[in-house]
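Work from the hints to combine the two standalone chains into their complex.
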Amino acid sequence: GESVGLHLPTLSVQEGDNSIINCAYSNSASDYFIWYKQESGKGPQFIIDIRSNMDKRQGQRVTVLLNKTVKHLSLQIAATQPGDSAVYFCAENKGTSYDKVIFGPGTSLSVIP
Amino acid sequence: NAGVTQTPKFQVLKTGQSMTLQCAQDMNHEYMSWYRQDPGMGLRLIHYSVGAGITDQGEVPNGYNVSRSTTEDFPLRLLSAAPSQTSVYFCATRGNTEAFFGQGTRLTVV
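Each protein sequence line maps, in turn, to chains A and B.
Under the working numbering, the residue at position 97 of the first sequence is numbered 99, and the numbers go up by one with no gaps.
Under the working numbering, the residue at position 101 of the second sequence is numbered 1242, and the numbers go up by one with no gaps.
Some hints could be false.
To be verified - As a list, the in silico DMTMM-like pairs of lysine to aspartate or glutamate whose alpha-carbon atoms are at most 25 Å apart:
(1) LYS102/A with GLU1171/B
(2) LYS58/A with GLU1239/B
(3) LYS73/A with GLU1239/B
(4) LYS44/A with GLU1171/B
(5) LYS73/A with ASP57/A
(6) LYS102/A with GLU41/A
(7) LYS73/A with ASP33/A
(8) LYS1150/B with GLU1239/B
(9) LYS44/A with GLU1200/B
(10) LYS102/A with GLU1239/B
(11) LYS1150/B with GLU41/A
(12) LYS58/A with ASP1214/B
(13) LYS44/A with ASP86/A
(14) LYS1150/B with GLU1213/B
(15) LYS102/A with ASP1179/B
(16) LYS102/A with ASP33/A
(17) LYS44/A with ASP1214/B
(18) LYS44/A with GLU1213/B
(19) LYS1155/B with GLU1171/B
Honestly, the hints are just simulated from the structure, not real lab data.
Same shape as in the complex, but just chain B (with noise of 0.2 Å):
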């Protein structure tokens, strides 16, 4: 029972380059969900899924895309990395009320 695995765990990107994070989840959850984390700072909600099929903005959402096409798969894409991209990236899920966070995702936009 791995849990919530993200990938790559580090990423150094050019700016304008493309890329997709990788979350992935072995417990069943409905609910998934990307965050990023600047220094300093709590996490901010990106996107949002209640289910496959299911997708929804969250706080910061631009030059962001999701899909869920499966219940255990939530990637999110970048189609024009930015500099202000710039962040870790954590995915979570969430049972009834625990969440459960994935390791996180350094990436770097230069």
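Bound-form chain A, shown alone (with noise of 0.2 Å):
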């Protein structure tokens, strides 16, 4: 079946410090894979996106990896600080035109100032 988990979950980094949170996913047929951030008493909020074309994607302070063979994603936080503290989610659709997104569980960053 389908299904999206994480490796961990909490993760308690340094301020400063890089930060790598990790996601498993199943479906092979899955061509499109986003990272949302979701704080205390709030929404999730988009953070990047690949497709699965790609293996690599860079915003601003963060890197998105996409390893295809062993179905990994993974979301790099460069130099996190105490407002990347929230609860990060990865998800997993079949692209545009099939607009079930699926989420996995979370995992819980917690920033030590």
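Written out as structure tokens, the structure is:
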């Protein structure tokens, strides 16, 4: 069946260090992946996305890596700041014509000042 | 430009009562969806719509109805609330890629 899951439910990092959040997916037909950030009491917020024809995409302080061979997705946050503390979700979508977005369970990131 | 607006923010219902969660967007997005989020879990898709007049079921549609008469609005109806429907509900819209979420409705069914 379809599933998107995370390796680590919680992650604590020192301010200024880099963070890496991992995600495994099982459906090889998925062609679009998204990372969301959810702060306490708020709705998820889009961070970055990547299509299956790419293996890396960079944004501002964030990088998403996709390894289709092992069905693994990661989010790297450079120079982690206290404002990065949140729950991070990876999500899977089978393209814009198929609009079911499946979320993983989430990883809680805590930044230690 | 308000983005995605959900009302109410909080609601307590008794078992068996009905209610409608409202969702409105001003971004002219065709795609809208409803999710529920339970403690310590990710979001699960309830229903979605790819345009006015078109709706479809997500992962957990039982107990919920939707309609899409306009591009702007996508209400979620609970016909007979059950304690298992206690959750935080999020409405989302999507343009070409990025999705935008509302602030959520926290529903408690007692």
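Now for the hints, and whether the structure bears them out:
Proximity of LYS102/A to GLU1171/B is assessed by CA-CA distance (about 14 Å); at most 25 Å being required, the pair is judged to hold. Our distance criterion of 25 Å between C-alpha atoms is met by LYS58/A and GLU1239/B, whose separation comes to about 18 Å. This hinted pair checks out: LYS73/A and GLU1239/B have alpha carbons roughly 22 Å apart, not beyond 25 Å. Restraint check: the Cα-Cα separation between LYS44/A and GLU1171/B comes to about 23 Å, which is no more than 25 Å; the hinted pair holds.
Note on LYS73/A and ASP57/A: the hinted pairing holds, with a Cα-Cα distance of about 11 Å set against a maximum of 25 Å. Taken as a hint, the LYS102/A and GLU41/A pair is honoured in the structure, with Cα atoms around 23 Å apart against an allowance of 25 Å. Of the pairs offered as hints, the one joining LYS73/A and ASP33/A holds, with about 11 Å between alpha carbons and a cut-off of 25 Å not exceeded. Distance check on the hinted pair: LYS1150/B and GLU1239/B sit about 24 Å apart at the alpha-carbon level, within 25 Å; holds.
Our distance criterion of 25 Å between C-alpha atoms is met by LYS44/A and GLU1200/B, whose separation comes to about 22 Å. A distance of roughly 14 Å separates the Cα atoms of LYS102/A and GLU1239/B; the hinted pair therefore holds under the 25 Å criterion. Our distance criterion of 25 Å between C-alpha atoms is met by LYS1150/B and GLU41/A, whose separation comes to about 16 Å. This hinted pair does not check out: LYS58/A and ASP1214/B have alpha carbons roughly 36 Å apart, beyond 25 Å.
Taking the CA atoms of LYS44/A and ASP86/A, the gap is about 14 Å. The hint holds against a cut of 25 Å. Annotation: proposed proximity of LYS1150/B to GLU1213/B holds, straight-line Cα distance about 19 Å (limit 25 Å). Under the criterion of a C-alpha separation no larger than 25 Å, the hint pairing LYS102/A with ASP1179/B is consistent with the structure, at around 19 Å. A C-alpha spacing of about 12 Å is found between LYS102/A and ASP33/A, which places the hinted pair at or below 25 Å, so the restraint holds.
The hinted pair formed by LYS44/A and ASP1214/B meets the criterion: a straight-line CA distance of about 21 Å does not exceed 25 Å. Our distance criterion of 25 Å between C-alpha atoms is met by LYS44/A and GLU1213/B, whose separation comes to about 21 Å. At most 25 Å may separate the alpha-carbon atoms for a hinted pair to count; LYS1155/B and GLU1171/B exceed this at roughly 34 Å.
Of the numbered hints given earlier, the model fails hints 12, 19; all others are met.
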